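Work out the full structure, taking the sequences as your base and the hints as a guide.
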Amino acid sequence: MLIKIEPPLLQIGSAILLSILTLTAADAAGAPQSVKDTFILSQDELKTHPRIIFQGMIQAVIKSDVAAVKILLPLYQEQLGHDPNLVAWGKAILAKEDGNYRQAIRYYRRVIAEEPQLNIARLQLAIALFQNKDRASALLQFNKLRANSNGERINEILDSYIRAIQGKDSWSFNVGVNYINESNINNAPGDNVKIGQWQAEKRQSGQGFSYYLSGSKTWSLPEGLFSEIRTLAYGKYFTNNHRYDQATARLSAGLGLRNIDASLLLLPFIEREWASDNQAPSLSSEGTSPGLRIETEYRLNPRWKIDVDGEKSHTKNKHYAQRDSKNHLLSATLYYFSSPEQFLFWGSDYHRENVERKSLAFQKIKWRAGWGNEWPGGVSSIIQINYANKFYDSSDFFGIQQRNKEYGALITLWHRDIYYFGITPKINLSYFKSDSNHPFYEYDKKMIFLTFSKLF
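Our numbering puts the sequence shown at residues 1 to 456.
Any given hint might turn out to be false.
[What the hints assert, rightly or not] Calculated cross-link-like contacts (lysine to aspartate or glutamate; reagent style DMTMM-like; alpha-carbon spacing at most 25 Å): (1) Lys91 to Asp417; (2) Lys312 to Glu297; (3) Lys202 to Asp435; (4) Lys433 to Asp444.
These are calculated hints, taken from the structure and not from any lab test. Treat the numbers as computed from the prediction; the structure is a model and nothing was measured.
This is the structure:
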């Protein structure tokens, strides 16, 4: 078959050519005699061949062929049974070509929300995010793609973008606000719990919000070295129960070493806590904690990654010297990325607090697991479960040495195509239960809360 393509279709010859070659023998048999041996197409004549338009449109978006999309998209939209998701994909390519990255990203996210397995669209989204200087979001998408890529050429492309992001010296921020409605702020047991003549504290409820703000700045140095500074602030504010307001702030700065597969970071830090002991909305300083944090990350292969973090600090309590403590934390998490839209993780934490007052000193060993998935239709979910054993060093005022078993679960749900000003609202359902040999520490709590966060 001789194929001749007339201007302006000449500029999209590859897409049209491939589409024609995919025509079945029946299609060719039903074609006019003039096209059985020679296929001559003008733009008007192309309208009479919907099969070519459909096939050409698919090839054009896969190749991100701007010239082809410009011509084929209007024709494709006129066809009965056209795919709205393919239309959105085409609009994303055109918006990106025009430099309208925000609109392009919006269309790409819509495409992936409907069909998360479209890795080519995900790659185009990652590149658009990178070009829009949203490097944190771009890195997330590149890493997802890296987890499921087997081609050497595509791996080189992904790695080049990841290295470019690592080499950029810029600030990144993460801001979040959660609406909370707690029925047991003070972790009290049920009603009428007593030890002798001592009555347990009644459960306190409150509505308000929790918040966090983090910022980081990285400076790239020669030979894979880098320096980093971080700020972090988080807390809770109850509009109708200020007694339980609290806030924490941390400042850290350190030095690290990294390459495409691994990183090591040492972060000395200073942390300060504030709390309220009354119904006033003001906070007073509780304590200061200087310390050192070590973070490591290693990609075992494209699908497996492990993070190991350690932290040591010394807390000075401003009001009660007996509550001064030396704190140790060791955490390890193993991730498995079965595909760009799904991951699993397993982890364990060891937490030790050596408090001057031994009845407050404890060690805690925690195991956790989780599953994250991007579902067709735009819904995403993360399910986490955990179990911990908590042992105290000595008996308290009541002569009881605490032994607690703690159970927890958290389900987070959101729709990837629902966002306002770059913020996606997420619904969280959490459950926590403490089984204790101490009656005053036997309790459970359920919460439903909304999360609003933005990474930029």
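(message) Output the indices of the hints that this structure fails to meet, ascending.
(response) none
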